[in-house]
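J.: One-letter residues, chain by chain:
2 protein chains.
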Amino acid sequence: METILPKFDSVFSIDCVIFGFDEGELKILLIERNVEPFKDWWALPGYIVEQDESLDNAAERILYELTGLKGIYMDQFYTFGDVNRHPQGRVITVGYYAMIRLSGNKDLKPVPITNYAKRAVWTPLGELRKLAFDHDKIFGRAFDKIRNKISYQPIAFELLPEKFTLTQLQHLYEVILNKKLDKRNFRKKMLNYGILKELDEKQKGVSYRAAKLYKFDKRKYARLFQKELSFGK
Amino acid sequence: METILPKFDSVFSIDCVIFGFDEGELKILLIERNVEPFKDWWALPGYIVEQDESLDNAAERILYELTGLKGIYMDQFYTFGDVNRHPQGRVITVGYYAMIRLSGNKDLKPVPITNYAKRAVWTPLGELRKLAFDHDKIFGRAFDKIRNKISYQPIAFELLPEKFTLTQLQHLYEVILNKKLDKRNFRKKMLNYGILKELDEKQKGVSYRAAKLYKFDKRKYARLFQKELSFGK
DNA sequence: AATATAGTGTGTATTTTTTACACTAAGTAA
DNA sequence: TTACTTAGTGTAAAAAATACACACTATATT
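Residue numbers (the numbering used here), protein chains in the order written: chain E, -18 to 214; chain R, -18 to 214.
Worth flagging that the hints you see were computed from the coordinates, not collected in a lab. The reader is advised that the hints may include incorrect statements.
The list cannot tell twin chains apart, which means a pair is met if one copy fits it or any two copies do.
[As the list claims (entries may be wrong)] Below are the DSSO-like pairs computed for lysine-lysine, each with C-alpha atoms no more than 27 Å apart in a straight line:
hint : residue 1 : residue 2
1    : K144      : K118
2    : K170      : K130
3    : K130      : K183
4    : K169      : K20
5    : K90       : K170
6    : K111      : K169
7    : K183      : K201
8    : K169      : K118
9    : K196      : K99
10   : K183      : K126
11   : K160      : K90
12   : K161      : K99
13   : K99       : K201
14   : K20       : K164
15   : K164      : K118
16   : K99       : K130
17   : K20       : K130
18   : K193      : K126
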């Protein structure tokens, strides 16, 4: 492709904020960098977009190369373009996020495919240290995004195991929103959405009364959120 | 700044979707391009980001250069990065939007500062033709954004003259949401937000009963939207 | 077998918000 | 004075959000 565009020393990259939920904790996927700059620092999985791939494809590839996770559907949330955000040149980075099901999925032990990362680790939010580049800021914005989104769209299911109890769902909401919710009101609201399928199954292996298990009903969810964006008559 | 980053023939650009509202019509600001590619086509005001400026600053500069509009605060809404979106090379573009007050503001007659654009024109949405590049898609996404946002945040005031009637406000909502609203319910809702200041003034120059004028109260608005993001107890 | 424990599961009254719906009042123009 | 055009208003019903407390059930322990 011939170009008459100016040639800057500029590149664009993708950084991924992947949320998981396990053992009652909200986690994100971090890599330990194996190259300069910020060698040995923890960072979001991120890398440079190739010339011949779209941003969405790049996001998927990059996440795979750095963490081994495949086929994760991510959404864009913001693009970061401060002049000095990268010490080696002008790099703008497009932030992508996803929420994925961790528990019970042993495929999700992350293993870097390239040696750009030493390892990839699910890190509880409570244990976050200072990250490389401006990744703290990027993470913060992603977290704002899901906190915001969850308060008007029931998207939290993506983080839970396929079968979950209402208490687990409530805990997840409490962790993301950072506040206690009322059990009765929470259940009423969730069940009223009509997007949960009650199963004939109960929790197992708990040393107390086992709770009913539920499944998320994707079809009803899709129907529900077509008619959204109200403003009444 | 020394760099060891790969040097791609890639650049990033900004495209601006600037909404205005005038004579009961919603408009966006378009330029007629004066350079290839897409010479003589209508397009969103957009150009390439310099190496030493942040995206936000670039957005402001670019809008100014192409339309003469200065000091417009814009927000990012999406980044477009399909491989072939620009015929001359790999360009990703960050979309910014703003809603601005048109009526009664004669400074807003847009005049390009560079000769990259022949002219800049406020174009009613009804008169939109096929735009250059993927600008139709970019515009569509910006419009979705404001439609979405307006249904949970009263941001429409930015488009109205400083003093406006409730009927004008309602018309604006109707245009953006593309549906008729009930006058009584609309007024009740707006007044209940408590972010409108009723003035001791009436509309002038109309050949029928003049309506009361209102002003938007920025301070109360700010207060209101701090306590948002509910989910009750 | 009895008891302790820990989490499950449920109902109701109150308040707030949303919705539906139609007429009179005021000002201008003829 | 009348005709016209838009401004301005209230209420009832339904739906959604909130506040609030206790009995039940399964298991583990003694």
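J.: Pop the pair K164 and K118 into one bin, within, between, both or neither, using alpha-carbon distances up to 27 Å.
T.: neither (33 Å within a copy, 43 Å between copies)
J.: Is it within, between, both or neither when you check K20 against K164 at 27 Å Cα-Cα?
T.: Neither way: K20 and K164 sit 46 Å apart in one copy and 62 Å across, limit 27 Å.
J.: As a check of your reading, is K144 near K118 (CA-CA no more than 27 Å) within one copy, between copies, both or neither?
T.: Neither, since 34 Å and 39 Å both go past 27 Å.
J.: Using 27 Å as the alpha carbon limit, work out where K20 and K130 are close: within a copy, between copies, both or neither.
T.: Close neither inside one copy (34 Å) nor across copies (41 Å); limit 27 Å.
J.: For K130 and K183, with the copy left unspecified, which applies at a CA distance of at most 27 Å: within, between, both, or neither?
T.: Close neither inside one copy (30 Å) nor across copies (41 Å); limit 27 Å.
J.: Under a CA distance limit of 27 Å, which applies to K183 and K126: within one copy, between copies, both, or neither?
T.: For K183 and K126, neither the intra-copy (33 Å) nor the inter-copy (42 Å) Cα distance is at most 27 Å.
J.: Give the relationship of K161 and K99 under a CA distance limit of 27 Å: within one copy only, between copies only, both, or neither.
T.: neither (38 Å within a copy, 58 Å between copies)
J.: Cα distance capped at 27 Å. Does K99 pair with K201 within a copy, between copies, both, or neither?
T.: neither (42 Å within a copy, 51 Å between copies)
J.: 27 Å Cα cut-off: does K170 pair with K130 within a copy, between copies, both or neither?
T.: both (16 Å within a copy, 23 Å between copies)
J.: Indicate which option fits the pair K90, K170 if close means a Cα-Cα distance not exceeding 27 Å: within, between, both or neither.
T.: Neither way: K90 and K170 sit 34 Å apart in one copy and 50 Å across, limit 27 Å.
J.: What label fits K169 with K118 when the C-alpha limit is 27 Å: within, between, both, or neither?
T.: For K169 and K118, the Cα distance exceeds 27 Å both inside one copy (36 Å) and across copies (40 Å).
J.: At most 27 Å between C-alpha atoms: does K111 with K169 qualify within a copy, between copies, both, or neither?
T.: neither (40 Å within a copy, 48 Å between copies)
Violation of the numbered hints given earlier is confined to hints 1, 3, 4, 5, 6, 8, 9, 10, 11, 12, 13, 14, 15, 16, 17, 18; the remaining hints are satisfied by the structure.
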